[in-house]
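**Student:** The chain contents come next:
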Amino acid sequence: MYKVKLNTFEGPLDLLLFFIKRDELDIYDIPIAYITKEFMSYLHLLEKLDLEIAGDFILMAATLMQIKVKMLLPKEIDEKGEEIDPRQDLVNALLEYKRYKEMSDELSFMESTQRKITYRGNFAADEKEAPHDMESLLKNISIYDLIKAFQKAMMEKPKEAVHQIKKFNVTIDEQIEYILAKLEHKASINFIELAEFMTEKLRIIVTFIALLELVKMEKIGLREAPEFNQFEIYRLEETNG
Amino acid sequence: MDKIYLTVIEALIFASDEPIPASEIVKTIKDLDGEDIKITPSDIEATIDELNKKYESIESSFRILRIANGYIFGTKQEFAKYVGYLSTEKSKRRLSQAALETLAIIAYKQPITKPEIEMIRGVNSDYILNTLLEKNLITIKGRSETIGRPLLYGTTEEFLKYFGLNNITDLPKPREIEEIMKDQDFIDQKNKIMMNQIEEMAENETDIGDSDNEIE
Amino acid sequence: MDKIYLTVIEALIFASDEPIPASEIVKTIKDLDGEDIKITPSDIEATIDELNKKYESIESSFRILRIANGYIFGTKQEFAKYVGYLSTEKSKRRLSQAALETLAIIAYKQPITKPEIEMIRGVNSDYILNTLLEKNLITIKGRSETIGRPLLYGTTEEFLKYFGLNNITDLPKPREIEEIMKDQDFIDQKNKIMMNQIEEMAENETDIGDSDNEIE
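Chains as they are written, first to last, in the working numbering: chain A, 1 to 241; chain B, 1 to 216; chain C, 1 to 216.
Hints are computed from structural coordinates only; laboratory data are not their basis. Honestly, I wouldn't trust all of these hints.
Claimed, not checked - Taking lysine-lysine pairs in the DSBU-like style, the calculated list, with each CA pair at most 35 Å apart, reads:
1) Lys76(B) <-> Lys76(C)
2) Lys81(C) <-> Lys161(B)
3) Lys173(B) <-> Lys141(B)
4) Lys109(B) <-> Lys80(A)
5) Lys54(C) <-> Lys30(B)
6) Lys30(B) <-> Lys141(B)
So here's chain A without its partners, still in its complex pose (with noise of 0.2 Å):
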C-alpha cells in the first residue's frame, strides 16, 4: 500500500521527517498515534523482507510508543505550571536533525564543485636549492594517527609470530633448549652467535624470548658486552636443586 523507498533513511529521524512530508503533518502538532503505526508498518516491512533493523530504529519505537501513551494520560505540568506536551522532545530533535540534514545538501553542493578543480599534480621539477628531506614526504600527523600507529605495531607482531612460528617450526621450548646446549660448551656466548645461523627473523625473536624465558628460570644470566649495543649470555649455577 506505502511506497516506502529501503534503505534511503539515514536513521529514525530522518524516516519520521519523510513521514511528516509525505502526509503532509504539521510537525508541531505531530499526530503520534498516526506516524507510531507508520513506523511500525516500515519496521515490520523491513523484517518481511529480513533486513537488518538498526537499534536506532528499534529505540524509537519504543520513545514512540511511550509518548503515544503519555498523551493519553493526564498532561504533566512544568515548573512554571503550563502543560508540558510529551511531543515536545520529540519534536525539538527533528528540527535540530533537520537543520544538519539540509546543511548536509549544501556541502554536498560543495563537494561537487570542489570535484571539478584539481590542484597542481607535480611539484618533482620544481628547482630546490635545498636536499630533499626524506621526512618532507610524509603527511601531518594527529593523534588519530597516533593511535593508529600503535594499534598497527601491536597487532601486526603477534599474528605474523604465531603464523611463522608454525611455518617454520620453530617453538620456545626447542630454542631454550637449543640454548642450554650452546652453553654446555662454552661459559659465555653473546647474542649474535647464537643467531648466527639464523635466517628468519621470527626464528631470532623466538630464541630471544626463549632466552628471556630462561632469564626468569633463572637458569643463565645476562651481562653488557664489551661490544656496543651486545650482551653475553652466561650459565648461572643451580642453587637449589
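Position chains B and C against the provided structure of chain A, taking the given hints into account.
**Tutor:** Leaving out everything else, chains B and C in the frame of chain A:
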C-alpha cells in the same frame, strides 16, 4: 612591498603542495632576505589578485585559490572533464549522505563528542566517525570535561580543502530553528490539521500489529 | 589544431601527477571529444612553446619543461632559494611513519626501554630514538631495574603540546578507537531481541496504563 616579490610569492605558492598561508610566505621571505624587508600578509593578499589578473589576461586554465587559510594553485572548473579523465581522483567516491550529515554537525558544533553527534542524528555513528577519521576530514581535538571524559571531534585542514573553504567561518550558516518554523513545507500544513484529529486516531488505533497488513 | 585546446593542454600538464607525454594528451582529448579531432604530438610540442611565451610575457616564475617522458611544470631556478627553504621549513613540522610508530609505542607504554621498543617494532630503533630525542618529543626518564639496566624513555611536555593534550592520560585509548569499529554481529543480535520485545509490547497494548509501566 617591492614589486620584485610578486614573482617570489608566485613561485612559493606554485611550488607548495598544500595551501600556503600568507604568514608563511612573509616568514620565508623575511628569513631569507632580512627582517627589514617590508612585506605584510595584506601585501600578499593584494598580490594574489594581481597574479590572478595576469593569468586571466593570458587566458590561463588555472588560478590561485584561497583554501584552508592559504593559497594554492588549482585548475578552473571548466576543465574538469579533461583533468578528471586523467587523474585517479575521478575514481574517488563521493561522500555518503550519512557522512555529509555527520560532517555538517561536527563542522558547526565543534568540538563535539560522539554522544552529542548521536543525539542529533538519532543513530549510532561509530562507523561513520571511523570513516571520516580515516579520510582525515575530522580529527580528535582532545577530551570533554563532562562525565566519562569523551573524546572531542573537530574538522581538519583537509576538510576545508575538500569543500574548497578558506575558513571554517565560510561555511553557510545552518538555519535557525525559528526559520525552519517559517518553512513553507510546514506552514502550509499547519492549518490543515485539526487538533482533535490526533486524539481520534489514537482512539481508533487499538492494535498496532494490524498495521502490518496495510503494507501488503 | 583548434586554438581552444591550448588551455586544455595547459590544464592537463598542470594537473597531472606525473610528467605527461604528448601521446597521452592527444589520447585524452580524442577519447573525450572524438577521434576526428585534429591534434597531433607535434601540435602539442608547438603549444608548449606558445604557452611558455605567454608565461614569459607576464614574467611568471614557472615554465613547462620537457623531460624524457613528457611535459611538466616547474618553478624557475632563480627562485630555488625560496622554494627550497619552504620545503625544509615544512619538514620540521612532520614526522616519518617509523618515527610516528615509535613515538606511539613510547607514548602508550612509557616508561619503556629500547629493547622493548625493538621487540615490538622488530627493527633496530637507534636512529629513530635519536631523532625523537633531538626533536624533544621523548626524553630519558631513568633506568630500568631489569638486567643491563637499560635506559627508560618517555614523552615530553613538547609531545603533549604537539598533540594539543593537557595530560598524558588524555591520550585516546586504543580501546576508544576499537569501539568505533564495534562487532556488527553482536549489534544485530541485540537488535533482534529488542525488536521482539517491542512487538510483544505493542501486541499486549490493550490496557494503556499497563504498557506505560512496561516501557519504562
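**Student:** For the pair supplied as a hint, Lys173(B) and Lys141(B), confirm whether the alpha-carbon distance does not exceed 35 Å.
**Tutor:** Given that 35 Å is the threshold and the Cα spacing comes to 22 Å, the pair holds.
**Student:** Just to be careful, I want the Cα atoms of Lys54(C) and Lys30(B) compared with a cutoff of 35 Å; is the pair within it?
**Tutor:** holds (30 Å)
**Student:** For the pair supplied as a hint, Lys81(C) and Lys161(B), is the alpha-carbon distance within the 35 Å limit?
**Tutor:** holds (27 Å)
**Student:** Take the C-alpha atoms of Lys109(B) and Lys80(A), compute the straight-line distance between them, and say whether it is at most 35 Å.
**Tutor:** Distance of about 30 Å is within 35 Å: holds.
**Student:** What's the verdict on Lys76(B) and Lys76(C), does the C-alpha distance respect the 35 Å limit or exceed it?
**Tutor:** holds (23 Å)
**Student:** For the pair supplied as a hint, Lys30(B) and Lys141(B), is the alpha-carbon distance within the 35 Å limit?
**Tutor:** holds (32 Å)
Hint violations for this structure: none, all hints satisfied.
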